[in-house]
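Going down the list, the sequences are from chains H and F.
Going by the working numbering, the first sequence runs without a break in its numbering and finishes at 340.
Going by the working numbering, the second sequence runs without a break in its numbering and finishes at 572.
Among these hints, one or two may not hold up.
[To be verified] No farther apart than 20 Å at their CA atoms in a straight line, the calculated lysine-lysine pairs in the PhoX-like style are these:
1. K368(F) x K314(F)
2. K63(H) x K492(F)
3. K266(H) x K209(H)
4. K508(F) x K63(H)
5. K207(F) x K286(F)
6. K346(F) x K386(F)
[Stated by the list, open to error] Derived coverage of chain F by chain H (criterion: at least 3 residues anywhere in the stretch with Cβ under 8 Å from a Cβ of chain H; other residues may be distant):
7. 248–255
8. 352–366
9. 510–519
It should be emphasised that the hints constitute simulated quantities derived from the structure, not laboratory data.
The beta-carbon is built from N, C-alpha and C at its ideal position, and this holds for glycine as well.
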Amino acid sequence: MADTSKNPATNGNGGGPVTFLEAIKQAMFEEMQRDPAVVVIGEDVGVYGGAFKTSEGLLEKFGWERVIDTPISESAIIGAACGMSYLGLRPICEMQFIDFIVCAFNQLTNFVAKGHYLWNAPAPIVVRGPSGGGVHGGPFHSANPEMYFVHTPGLKVIYPSTPYDAKGLLKAAVRDNNPVLFFEHKYLYRRIKEELPTEDYTVPIGKAAVRREGKHLTILSYAAMMYNSLEAAEALAKEGIEIEVIDLRTLLPLDEETILKSVKKTNRVLVVHEDTKTGGIAGEIAAILCEKAFGDLDGPVFRVTALDTPVPYSPPLEQHFLPNTQKIIAAAKELARY
Amino acid sequence: MKKDLTRQQHLDLYYYMRLNRAVEDMMVKLFRQNKIVGGLYSSLGQEAISVGTAFALEKKDWLAPMIRNIGALLVKGVPPRDIFTQHMAKYTSPTLGKDGTSHFGDLDKLHIVSPISMLGDLIPVMTGVAMAGRYLGQKIVAMTWIGDGGSSTGVFHEGLNLAATQKAPFVLILENNGWAYSTPVRRQVPLENLADRAKAYGIASYIVDGNDVADVYSTAKEAVDRARAGEGPILIEAKTFRRMGHAQHDPAEYVPKEMREYWEKRDPILLHEKFLTEKKLLDAKTKKEIETKIDALLSKDRDFAENSPMPPPELAEKGVYCTGDDCHKIRAKWERPIAEVTPPKSSVDASWVVEGFGRGKGSGGGTAPIHFGDTPAAAEQKENEDKMAPATPAKTVTKKAPGKPSKSTKSAKPVARPAARKARR
Chain H
3 MADTSKNPAT NGNGGGPVTF LEAIKQAMFE EMQRDPAVVV IGEDVGVYGG AFKTSEGLLE
63 KFGWERVIDT PISESAIIGA ACGMSYLGLR PICEMQFIDF IVCAFNQLTN FVAKGHYLWN
123 APAPIVVRGP SGGGVHGGPF HSANPEMYFV HTPGLKVIYP STPYDAKGLL KAAVRDNNPV
183 LFFEHKYLYR RIKEELPTED YTVPIGKAAV RREGKHLTIL SYAAMMYNSL EAAEALAKEG
243 IEIEVIDLRT LLPLDEETIL KSVKKTNRVL VVHEDTKTGG IAGEIAAILC EKAFGDLDGP
303 VFRVTALDTP VPYSPPLEQH FLPNTQKIIA AAKELARY
Chain F
148 MKKDLTRQQH LDLYYYMRLN RAVEDMMVKL FRQNKIVGGL YSSLGQEAIS VGTAFALEKK
208 DWLAPMIRNI GALLVKGVPP RDIFTQHMAK YTSPTLGKDG TSHFGDLDKL HIVSPISMLG
268 DLIPVMTGVA MAGRYLGQKI VAMTWIGDGG SSTGVFHEGL NLAATQKAPF VLILENNGWA
328 YSTPVRRQVP LENLADRAKA YGIASYIVDG NDVADVYSTA KEAVDRARAG EGPILIEAKT
388 FRRMGHAQHD PAEYVPKEMR EYWEKRDPIL LHEKFLTEKK LLDAKTKKEI ETKIDALLSK
448 DRDFAENSPM PPPELAEKGV YCTGDDCHKI RAKWERPIAE VTPPKSSVDA SWVVEGFGRG
508 KGSGGGTAPI HFGDTPAAAE QKENEDKMAP ATPAKTVTKK APGKPSKSTK SAKPVARPAA
568 RKARR
C-alpha cells in the first residue's frame, strides 16, 4: 500500500493506486486548495485527522479557521455549516460515523433541506462520513441510514463504490449548490485501490454507471454490495447467465434513465443493497419499474438486502444479517428462470 | 443608560414599537375576516424586545427572527406588506406562498435568516453565520432570539456551547415571557434567572427589563459591541410577559387574571411614551405625525396584500433544488486577504498544547490505525467463527469467503474491469 499520507497534496500522480480513504482525502485537500470558501468541520477532524484519517494533514496545511474541531454536537455541526453556507462558504461536515447523522436529523431535514424551496436559500454543504457494516462495528457504528434522507426532498444522496467515484463525486458535491449527503462505506476504505487521474475531475451527481454489460438480467446496486454483485455476475457468467451490473452511485436523484434503459434490454431486475429491506431503495425502484417499465418486465423485481433488524455485533450474527454473494447468486438464478 | 440615547433614537424606537403593534393589530383584523389562512402569533407586550435588540444591529449584521419578532424584521427594513402577504399566503409574499408567518428571509440585502418552527435550530445556524462572517473578515454580529420554552431544547445547548468554544460574535436574546404555550416557566426551568444558563457555557450575560425599550436597546448595543470586539457570544435575558395566548386560537385561561393585569399596566409602548412625554421628547404633534405615517403605510400595504393573487398551484412543484449558477451565484464576500487562509500562510503546527505539560500530535500515515474498517470482515473470519458458533448453518458460509473484497483480493479486481472503467466516465 503506497503511503501517500506524508504528502496530502499527492494527486495520485506517480503515487500508484490509492485507497478509497486516500481518494476522499485528496478530494477535500484539492477542493480546499482550489477554493478558500471550502472549510472542514466535525469531531476530531483537526489535530487527530479524523477517526478514519480522512482529514489527516488538512489542519497542518489550511489552519485552525478552515479545519474546525467541534464539540460532540452533530446538530450544531450541521447547523453551523448551514449558517456558514449562507455567507458563501462551502463547508464539508464530517459525521465521525454516519450513524450519528440522525442526531442532526431535524437540522438536516427541516432546516437545511427545505431552505431553497421555502425561502430561496440554497445551503451548499456536504455531510459525509463512514457508513456500512461488515467490520464488527455493532448496531451503532455500521448503519446505512441513506433512506431516511432519500425520503427528504431538497437533499442529494451519494453512495459511491470506487476511489475514482468517491473523489470525483465528493468534488462535485462540494461544488453543488445543494446540501449533499455523502456516504463512504468504511469496509472499502482500505480494501480497494485504484489509480486516479492526475488532473482535476468530477463525476456527475445523479448518474449511474454500468459496471458490467449483460443481457439476461440487471443487478442494481451500490457501495460495498457492488463487489458482491460483480462477483455473482462473474460466477453466473460461467453458467451462461450474462448479468448487467449497474452502480447507482447517486440515490437521490436516482438515474431512472440508465435503469430503464437496462431493463428494456434485460427484462429482469434484481436490486441488491446492504441497507435493510423495508423502505430500502429496492422497494422504490420496484415501484418505479411498475409505473414506467411494467411491459418490459419478464418477472418480478427481486431484492437481496440486509435483514429487517438492527446490525448485530457478533460475527456470525452480522454475517447472517448482511447480504452476500451466495444470496445474490441464488436470487439471480431464480430470476433468470422467468 | 437611557440618557445615552439621542432624541431621534428614542423616537425611532417609539416609531418601530408603534409600527410593530399596528401591523399586528391589523393582522388580528385580517385573521377575523378569515384572510389569514394559517395561524397568527402575537407579540403584544413584547415589542420592546424585538425592536430594542434589532435596533442595536448595523446594516451589515445578520438576524434570524422567531415567531414573535416581527418588530425586529421591521427594524431591519422588511416592509409591512411582506408580513401581510406572508400571513395571507399570497404569491407576492417573500416565499411566494410556500410558507407563512415570519418564516422568510433575505440572504443578499437585509441579511435575514428564516426561522423554522423547531425551536433552537437557529442558534447553531446563526453561530455558523457569525463564524463565517469572522472568517471572511466582515466584522459582523449575528443575532437571534429564543423563548423560555425554547431554551430547554438540546440544540439550544449544542448551539450555544459551540458558539462559546468558537468565541463567535453572536448575541442570543432569551425572551422570558413566562409561558411556553400553556406551561409556566417554573415548570420548565428550575432557575430564577434564565440568564444563569450562560454560566454553563462560560459566556457573558445580561438581564434586562424586556418592557423598557431604551434599556433593552442600551443593553443589546453593549452586547453587540462586545461580541463584535471578539469577546465571544453573549446571552441577554429579557423578562417580559406574553399577553395573548400561544396563537389566536388560544384563550390562555391558564394565565392568572392578576398576572395579565399586572403586565398590562407595564405595556412597553405606554411606558416609553410616558418617559418621552416627561422628558419632553415627544409632543402631541410628533405623535400625531407618527400615527398618520403608520396609518398611511399600513393601509397601502394591506391593500397591496389583499389585492395580490394567490400562487399558481403548479408552483408547489418548483424550487426544491438550486439548479446552479443560473439559479444562485454563491460567492463569498471577502473582506480580508485570501492569502491569510490559503497555504503557505494558513499552515500551522497541528498539535494540541496542554498548559503545564506540553504538546500532543495526531497519529498519521497510510497505515495509521483507524476506528474500524481494517478489521477483518465476518466472512474473513470464517474459521474463527466456526469455532465460536458451531450452530451457525454451514450453508450460509461459503468456503471461498465470497462477498466484499477481502484483503487478499484487494488488488482492485472489480474496479480494474474495462467495462467498469469505460462506464464510469
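Now the hints, each set against the structure:
In summary, the hint linking K368(F) to K314(F) is supported, as the alpha carbons are separated by about 18 Å, within the 20 Å threshold. Only pairs whose Cα atoms come within 20 Å are accepted, and K63(H) paired with K492(F) is accepted, the gap being roughly 9 Å. In summary, the hint linking K266(H) to K209(H) is supported, as the alpha carbons are separated by about 18 Å, within the 20 Å threshold. Between K508(F) and K63(H), the direct Cα distance comes to roughly 15 Å. Compliance with the 20 Å bound is thereby established for this hinted pair.
Restraint check for K207(F) and K286(F): satisfied, since their Cα atoms lie roughly 9 Å apart, inside the 20 Å limit. Annotation: proposed proximity of K346(F) to K386(F) holds, straight-line Cα distance about 18 Å (limit 20 Å). Only residues whose C-beta sits within less than 8 Å of a C-beta in chain H count toward coverage, and the segment 248–255 of chain F has 4 of them, enough to reach three; the restraint holds. For the segment 352–366 of chain F, the assignment as covered by chain H is violated, since 0 residues bring a beta-carbon within under 8 Å of that chain's beta-carbons and 3 are needed.
Under the rule that three or more residues need a Cβ within less than 8 Å of chain H, the assignment of the segment 510–519 of chain F holds, with 9 such residues.
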